[in-house]
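Protein sequence lines, in the order shown, are assigned to chains A and B.
All residue numbers for the first sequence refer to the numbering used here, where the first residue is 1 and numbers rise by one.
All residue numbers for the second sequence refer to the numbering used here, where the first residue is 1 and numbers rise by one.
Some hints here could point you the wrong way.
What the hints assert, rightly or not - Here are the simulated DSS-like pairs of lysine-lysine, each with C-alpha atoms no more than 27 Å apart in a straight line:
| # | chain 1 | residue 1 | chain 2 | residue 2 |
| --- | --- | --- | --- | --- |
| 1 | B | K202 | A | K132 |
| 2 | A | K117 | A | K154 |
| 3 | A | K289 | A | K349 |
| 4 | A | K106 | A | K154 |
| 5 | A | K117 | B | K304 |
| 6 | A | K213 | A | K365 |
| 7 | A | K349 | A | K365 |
| 8 | B | K304 | A | K116 |
| 9 | A | K116 | A | K270 |
| 10 | A | K132 | B | K88 |
| 11 | A | K106 | B | K273 |
| 12 | A | K154 | A | K132 |
| 13 | A | K365 | A | K289 |
Claimed, not checked - To be clear about the criterion: a stretch of chain B counts as covered by chain A if any three or more of its residues have a C-beta under 8 Å from a C-beta of chain A, and this derived list gives those stretches:
| # | region |
| --- | --- |
| 14 | 209-216 |
| 15 | 225-236 |
Read the hints as simulated data drawn from the structure, not as lab findings.
Heads up, the beta-carbon is just placed ideally off N, CA and C, and yes, glycines get one too.
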Amino acid sequence: MSNNSSFISIQNVSKSFGSVAAVSDVSMEIGGGEFFSLLGPSGCGKTTLLRMLAGFETPTSGEIVIDGQSMSAVPPHQRPVNMVFQNYAIFPHLNIHDNIAYGMRKERLPQAELDKKVEEMLEMIKLPGYGKRRSHELSGGERQRVALARALIKRPKVLLLDEPLGALDKQLREQMQMELRALQRSVGITFVFVTHDQEEALTMSDRIAVMSKGRTLQIDSPTELYEKPITREVAAFIGTMNFFDGRVVSVDNDQIIVDAGALGIVKGIKDTTNFGVGEMAQIAVRPEKFSLSIGAPNGVGNFIEGNMISTAYLGERSYFHIAVNGIDQPIAVSAQNSASADINIRDHKGQVWLGWPDAAVVLLKQDASHSQAQ
Amino acid sequence: MTDNTATLRSTLPRSTKSGGWLSSLLMRFEALRGYLLLSPTLLIMIIGICVPLFILVGMSLWTQHGFEFDKSLTLANYFNVAEQPIYKALLARSILISGGCALATVILSYPMAYFVAFHVHRHKMVWIILMTLPFWTSYLLRVFSWKIILGYNGVINSGLIGMGLIDQPLEFLLYSPLAVVITLTHAWSAFAILPIYVSLEKIDRSLLEAATDLGDGPVRRFFRITFPMSLPGVIAAALIIFIPTVGDYITPTLLGGPDGIMLANLISAQFGKVNDWPMGAALAIALMVTVALFSVVFVIISRKVTERIT
Ligand SMILES: Nc1ncnc2c1ncn2[C@@H]1O[C@H](COP(=O)(O)OP(=O)(O)O)[C@@H](O)[C@H]1O
Ligand SMILES: [Mg+2]
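Working from the sequences, and respecting the hints, build out all of it.
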């Protein structure tokens, strides 16, 4: 995906505002042409990190290198980055044409050439002929596109986007997600995209840095983050996850066997995480990895008997909560409402059977909440 | 007791009904609501401004004969204003002095307002109040204190002589248009700081960051974003100074000397010593119309200028 494995290098960067540590010792490498997201709850330091890339905040310690050049001594107006602000920051005293042309003054293009370039940008953002309008005559989505065009016309090496879709309604947001992703592919500019919406990050990004309280928890591709979270915090933040406690009984070359009490003996696939025999482990299973059946499944595999306590119909899928004797939390299970799905199960009350394949099991360290990942 | 409740019951529905009628009327006609809210101010405006203005206009069409008014309508006074060079000269001087005041006030107030808006982060209001402090003393006191500062044996002259920089006191300091401009500028600066400050304070800081992000250094950013966006405040400040100072006659009387006399001095003389009220009224109207014209031209020009520099 990336043609340059380290186009932006963030090295042990920290930022404090007085006694508030907004960003603590963050390191990451972002490749050239990558769509990279910073994902985390509000207040976790995403904006601060982005503003340090743009040069609006100076790191308290650490260094930022962009395209081989250290940014410590480069003022914001000379950095090879441009930003799309959270509120779009369209200049109200200028029309749309002049807004988009704003950053091109230094290039000293002939007027006709500049006008042509602006018109091209307006075409690209699907607002042709909007040049004479003012910002207050545009809708939120249109303003967002203008902010994008204003930054992209400068052909920056990096485009920084701070929750650019946050103010849009759901339908428009989903449409803009697709457009933004397609645009990024076609222009080939590195995007650093800030969002608190995990679904948005998952659908758009090449890689995601999950942040919490000023630190990075895990930096990985969307699939890796979803399928192989390395801490409970990441697993809980991205999607829904069922957690069970267990104790490791045996470890061999490709399997880890865990005694999970009421859940029975659970087999997990051995990957990079090392477990010792007798160690406590967290067993994590996504709701959609379980299968539900009314009768006892015949044949081999993992299954357990439970009691259906609630069902929720969400259109394309249904959610179920199943209470199992000996497990405190009801287990969350989801199933597609496809044509072949067993619709009886939605109206079913009482006894059901839960099954899961070994591959569904993610094993996490018991107190892994403070480990940091690369 | 029962009687009371009965009357209450019978009156209640009716009163709510009439209230509903009124409020539904107000709901339906938004303009009516607006006028209702405006009505106290509107009333004062009509009584306090429009009525005297009509009287003034009416009087300017009369002529004075000794102690009597000739009430036949004539434009003779206005022809007089247009023909006599003294009136035109004083009108031009009034405009120049007030324009100079407005310019000086805005130039001096802008940095102060800018400083408070962008570089003071706490107790902004305290700073603003401190800056308006000169305004807390009486206007006459301020004028007299400038007389002491600028006078023949005043603070500046004796200071400069004491330092051996000059032998003779500088005579142009007092009783000159310069003295009038200095005094009026000082007296009115408080009025200019506020609108400029408000327009600067209102500028969304992310717009400034966006301009920086798009490659503008601090100076270019000031001329492309900050200044044009603060222009409404600047225009307001300039007009707030220009309009009242053009009619000032106290400062020119006390500090202007023969070269610093303004049209308003002449107007006040018409209503006093000269005792030609219709002529005074015509001069006042002429001054008012000129000020209005200058203000309109000023607003248009400053709009155009901003469009050019951005
Ligand atoms: N200029 C500032 N002054 C003081 N504290 C700040 C400032 N900017 C951010 N913070 C604090 O830093 C933390 C991270 O903020 P931010 O980067 O905006 O988070 P996010 O964008 O992830 O919501 C928050 O606790 C916030 O209150
Ligand atoms: Mg933020």
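These are the hints, each one checked on the structure:
1. B/K202 to A/K132: Between B/K202 and A/K132 the Cα gap is close to 25 Å, so the pair holds against 27 Å.
2. A/K117 to A/K154: 10 Å, holds
3. A/K289 to A/K349: 21 Å, holds
4. A/K106 to A/K154: Roughly 10 Å between the alpha carbons, so the hint for A/K106 and A/K154 holds.
5. A/K117 to B/K304: Holds, at about 26 Å.
6. A/K213 to A/K365: Holds: A/K213 and A/K365 sit about 20 Å apart, inside 27 Å.
7. A/K349 to A/K365: Measuring from Cα to Cα gives roughly 36 Å; hence the hint is violated.
8. B/K304 to A/K116: Status holds; Cα separation ~25 Å.
9. A/K116 to A/K270: 58 Å, violated
10. A/K132 to B/K88: Violated: A/K132 and B/K88 sit about 45 Å apart, past 27 Å.
11. A/K106 to B/K273: 65 Å, violated
12. A/K154 to A/K132: 20 Å, holds
13. A/K365 to A/K289: Satisfied, since the Cα-Cα distance of roughly 21 Å is no more than 27 Å.
14. 209-216: Coverage by chain A holds here, the residue count being 8 at a Cβ distance below 8 Å.
15. 225-236: holds (count 3)
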